[in-house]
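Undergrad: Below are the chains, spelled out letter by letter.
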Amino acid sequence: MKRLRTLFAAALVGLSLPAAALEPFTDTSRLVSIGGSLTEIIYALGEEAKLVARDQTAVYPPQALELPDVGYMRALAPEGVLSVSPTALLVIEGSGPPEALEVLSHAGVEYRTVPESFSHEGVLDKIRAVGEALGVPDKAEALAGEIDAALAAAEERTAGIETRKRVLFILSMQGGKVNASGTGTAANGIIELAGAVNAIEDYEGYKQLTEEAIIAAAPDVILMMDRGGDHAASEAEILSHPAISLTPAAQNHAFIRMDGAYLLGFGPRTAEAVADLVEALYPEL
Amino acid sequence: MAQASLSGTAHPAPARPAGDRSGIGQTAVVVLAGLLLAVMVLSMTTGASGASAWPVVAHALGLAPLEGADALRDQVVILNIRLPRMILGTLIGAALAVSGLVMQGLFRNPLADPGLVGVSSGAGLGAVAIIVVGTTILAPVTAFLGIYALQIASFAGGLVTTFVLYRVATRSGQTAIATMLLAGIAIGALCGAVTGVLVYMADDNQLRDLTFWGLGSLSGANWTKVLASGPIILAALVGSAFLSRGLNAMTLGEATAAHLGISVQPFKRWAIVLVAAATGASVAVSGGIGFVGIVVPHVLRLVIGPDHRYLLPASALLGAAFLLMADAVSRTVVAPAELPIGIVTAFVGGPFFLWILLRRRGGLAW
Amino acid sequence: MIEANDISVSIGGRTILQDVDFTARPGETTVIVGPNGSGKTTLLKTLCGDYAYAGAVRLGGRDLKSLTPPQAASLRAVLPQSTTLSFPFTVREVVALGLTAGRPGVAPSHYRRLPEEALARVDLAEFAGRFYGELSGGEQQRVQLARVLCQVWVPVLEGVPRFLFLDEPVSSLDVRHQLMIMDVARRFAEAGGGVVAILHDLNLAAMYADSLYALKAGRVAAEGRPAGVLTDALVEAVFDCPLRVGVAPAPDTPFVLPQSRAADGKPKTKVA
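Chains as they are written, first to last, in the numbering used here: chain X, -16 to 268; chain H, 35 to 400; chain Z, 462 to 733.
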C-alpha cells in the first residue's frame, strides 16, 4: 500500500514534468546514472562505456568510483549534473529534487525514472527497465534470465524449511539505541528472499526499538551492514547490549555482517547476496 | 564648506564633526554596493559546468548569435540556473541580514534574530510536515499545492506562528516585546515537539531530505521560485527602509521613541510583518540558512556605528554579497556535487566574526 | 500652555493620581515636588501621553488625545529620569536623534551645527566623539538634555510655545552642573517656551520655579508661587519630615545653599 502511495505521489509530481515512462533514450552517448543498483546493472550489461558520471550511492564495481560524483541522489545540483554534458539521465525512483530534474529536462537532457522494488520480480523489472532505456532490451532480457535462475535457485534451497529463522536487521546502534528495520525496506526484502522472517513486523521503515521490543522479537540471527574496521570488537559490543544479550541470536552467537551495497542494492549481485545470506543463515543446508 | 554664523564671520565647518560617523556610513554603502555588483558578476560566471556567461547574455540581449555544440546547455545553465540563483541569493541574503537587523532593533538586543518572531519554527514545521506526511496524512494538501507544496507550507507555517505570537504578545493594542520573546520560546518548543514527532515518523529518505532542508541550499533556484518569493522579499526590503528612523529612536527605549514622534505600536507591527514576510519567503525557498541575520548586522555595526539610515542599506548589500559568495563556494568546492550553503556560511562567517570581535574588543561600548 | 483637568490615572489596579488639576504656562518654569510615590513621574508621563487617563489634557490648546506622535513631538520634548542605550552610539549621534524627532525650528543649513551647540549648552562640548556608554551617569543625563534641546531648539515656533518636560534633570549632577542645567531651563522659559520639571531638591525648586506644585499620595497638596507653597506646615505634611523653611541650622553646622550663588554670577560655561 505504501508502495502504491509513493508511486501515486511520484506520478503526481511527474504530471508536471516530461513523461517518465521507460521509452528508450534518443542519445545514450553520455549517460549519467543516479542510483547504485542502476550503475551496477549498466556495468553488468556491458554498457559502461556510455557512463560519464555517477551519484554518491554508486560504489560497485570499483571502476565506477573513478567516475565524477554528482552528489546525493535526492539533492542533485542541476549545474553540477550539466557540467558533465550528459545526453541521458537514468535515475532510480526517489531521486530529486523535482525542480532539478525539471531544469535538466529543459536543458535538453532526457531523464527516465526506474521504479524500485525490493523483491525478486523487482530486480528483474529494474534490469529490463534499464535495458529498455538504453536500447538494449535483448541483453537485458538475457541478464534478467540469468539473475532469475540464480535467484530461483537460491530461493529453492530454503523452500522446504519449516521453521524459518527470525532475523533482526540492525541499521545502527548509536549510544546503545538499536535502530532496526521493519517492513518495506531493502533489508526486509533480502531477508524474505533468503527464506527467513523479519523479526519485526510492527512498523515500516527504520525505527528505534525499545529494549522490551527487542526481547519480544526474539531474533535468531542479527544481521548488519559491514562498515569496515574492527569487526570482532563491534560484534562483542552489540551482542552484549542488555536487551540483545537475552535474545536467541546472542545466545547462539548468530551474527552476520555483509557489505551494504551488496546486500541491499537489489541489483545484479542480489542473487549471490541471497545465496551468501542463505549460507550464513542456514549452514546446515 | 564654509557657513556663516550668527555673528557674520565665516567658520569653516569641520569635514565631519567629531562623533558624526555618517561619512563612514555613506562610504560603506558605496563600497558594499560595488562589492555586491562584483560578486553578482562572479556568481554568474562561476559554476561547475564551465559555461560562459557573456556569450549567453549577449545573445539574450540580441547583440550576437549563440553558436556551438553546448549552446543550449550553456543557455540553460546561465539563464535558468545561474541567473535565478543569483537573484534569489541576492534577495535572500539581503532579506536575512535586514531581518536580523530589524529584530535586533526591535528587541534592543544584539543577539536577536528573525527566529524570535516565531517564523523559523513555523516555517520549519511546515516544511517537515510536507516532507514527512506530505504523501500520507497531508496528501490532499500536497496534491493541491503541486510541486511547490514544500515552499508554500513553509511560508504559511512561518506566517501562522508569527501571527499567533503577535496576538499573544499584544494586549489592548500594545505589543510587549518581552512577552513576545517568552511566547516565542514556548511556541518554538511546541513546534519543536511536533517536528520531533514527525522526525520520528520519517523514513530514511525523508530524514535525509530534512537534514538537507535544515542546512539550507540555493540549489533548487528557478524562475518560479524567484517569481514567488521575489516580490514579497523585495516589498519587505523596500518597506524596511522606512523603519530606520524608528529603529534609531527605539534604541532609547519605547517611551522615548514615542516622545520623539514615532508611532510605536504601528511601527512594531510593521516591523514584525516585514520580518515575517521576508524571512518566511526566504526560508521557504532556501531552507534554513543561519548566521547571516546575526553576523552581518553586527559586523557592520562595529564598523559604521548603529545609525540605521546607513546600517539598513549596508546590511542588505553585505548580506546579499556574503550569501552569493558562500553560494559560489558551495557549488564549486566539491563540484559536481554541492555543499549545503548553511555549512559554508557558518564555516566562513564564524571565524571571521571571531576575528572582528577580537580586533574590536575595545570598541564595544555597551 | 498645558492644562490638565481632573486627571485620574490607574495603573495595574492601583490609583496613582486622583483629581489632579495642573497648569503650566509658557514663559514660566513649573516645578513639581513631592515625596517618592506621590505620583510626580506619573503626572509628567501622563502629560506626555504615555498613560491612559481620565479627565482632560490640553497641549497648546489641543486635546492631547487628538495629537499624533509627530505632532506631539513638535510641541514638547521629554527628558526621562534615566535612559539605557542598547547600542554603541557616540554622544553626537545621541544628540542628533533629537533632530529627527520634532521640528527644531531652524534653517536646514543650521542643523549640522545644532548638536554641537546643544552639547556646548550642557557643558559637554568636547564630548561629541565619545561613546555614550563610557560616560558617567551625570554626563549621560546631560547628553540626553542636549538631545531634548535639539528637538525643540527654538522655544517659540510660529507663535506656538514649546515645552520641555524634565524628569529629575539634575539628580546625578554635581552642584555646578545642577545650576547650569537649571539655568538652561530658565533661559528656555525666558525665551517664551515652557518648562515642567520634577525636582527633588527643594532649594533648587525654590530658586527656579515660577509655579510650584506639591504632590502627595496622588493629589495636589498645594500649588502656587514657591514662597506661598513652601511653608513649614506644608513641607512637614507633604514630606513627613519636620523641616523649617528659611531657618539656618545650629551655628557650627556649615550649610551651602544653591541660592547663595552670587546674584550676578553664573557658572562659567564654554558657550560660544
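Hints are not guaranteed to be accurate.
Listed next, with one range per pair, are the computed distances between beta-carbon atoms [claimed, not checked]:
#1 X:Q39 - H:L215: 19 to 29 Å
#2 Z:G590 - X:Q157: 14 to 24 Å
#3 H:A289 - Z:M462: 50 to 60 Å
Restricting the straight-line Cα-Cα distance to at most 25 Å, the calculated cross-link-like pairs of lysine to aspartate or glutamate (DMTMM-like) are [as the list claims (entries may be wrong)]:
#4 X:K160 - X:E145
#5 X:K160 - X:E115
#6 X:K160 - H:D238
#7 X:K33 - H:D237
#8 X:K160 - H:D104
#9 X:K148 - X:E262
#10 Z:K526 - Z:E578
#11 X:K160 - X:E218
#12 X:K160 - X:E129
#13 Z:K677 - Z:E619
#14 X:K190 - H:E101
#15 X:K190 - H:D238
#16 X:K122 - X:E262
#17 X:K148 - X:E255
#18 Z:K526 - Z:E619
Treat the hints as calculated values from the structure; they're not laboratory data.
Quantities reported herein were computed from a predicted structural model and do not represent experimental measurements.
Quick reminder that beta carbons are idealized off the backbone N, C-alpha and C, glycines included.
Undergrad: Decide if the proposed pair is consistent with the structure: K190 (chain X) and E101 (chain H), CA atoms, cutoff 25 Å inclusive.
TA: violated, 54 Å
Undergrad: Tell me if the straight-line CA distance from K122 (chain X) to E262 (chain X) falls inside 25 Å.
TA: This hinted pair is violated, its Cα atoms lying about 30 Å apart.
Undergrad: Regarding the pair K160 (chain X) and E218 (chain X), is the alpha-carbon distance no greater than 25 Å?
TA: Satisfied, since the Cα-Cα distance of roughly 15 Å is no more than 25 Å.
Undergrad: Please work out if K526 (chain Z) and E578 (chain Z) have their alpha carbons no farther apart than 25 Å.
TA: Cα-Cα ~33 Å, so violated.
Undergrad: Tell me if the straight-line CA distance from K526 (chain Z) to E619 (chain Z) falls inside 25 Å.
TA: Cα-Cα ~22 Å, so holds.
Undergrad: So does Q39 (chain X) sit 19 to 29 Å from L215 (chain H), Cβ to Cβ?
TA: violated, 42 Å
Undergrad: Can the restraint linking K160 (chain X) and E115 (chain X) be considered satisfied, given a maximum Cα separation of 25 Å?
TA: violated, 44 Å
Undergrad: Hint check: K160 (chain X) vs E145 (chain X), CA-CA at most 25 Å. Holds or violated?
TA: Given that 25 Å is the threshold and the Cα spacing comes to 33 Å, the pair is violated.
Undergrad: Could you check the hint for me, namely that G590 (chain Z) and Q157 (chain X) are 14 to 24 Å apart, CB to CB?
TA: Cβ of G590 (chain Z) to Cβ of Q157 (chain X): about 57 Å, so the range 14 to 24 Å is violated.
Undergrad: Is K148 (chain X) close enough to E255 (chain X), meaning Cα to Cα at most 25 Å?
TA: holds, 19 Å
Undergrad: If you draw a straight line from the CA of K160 (chain X) to the CA of D238 (chain H), is it 25 Å or shorter?
TA: Measuring from Cα to Cα gives roughly 16 Å; hence the hint holds.
Undergrad: For the pair we were handed, K677 (chain Z) and E619 (chain Z), check the Cα-Cα distance against 25 Å.
TA: violated, 37 Å
Hint check: violations occur at hints 1, 2, 3, 4, 5, 7, 8, 10, 12, 13, 14 and 16; the rest are consistent with the structure.
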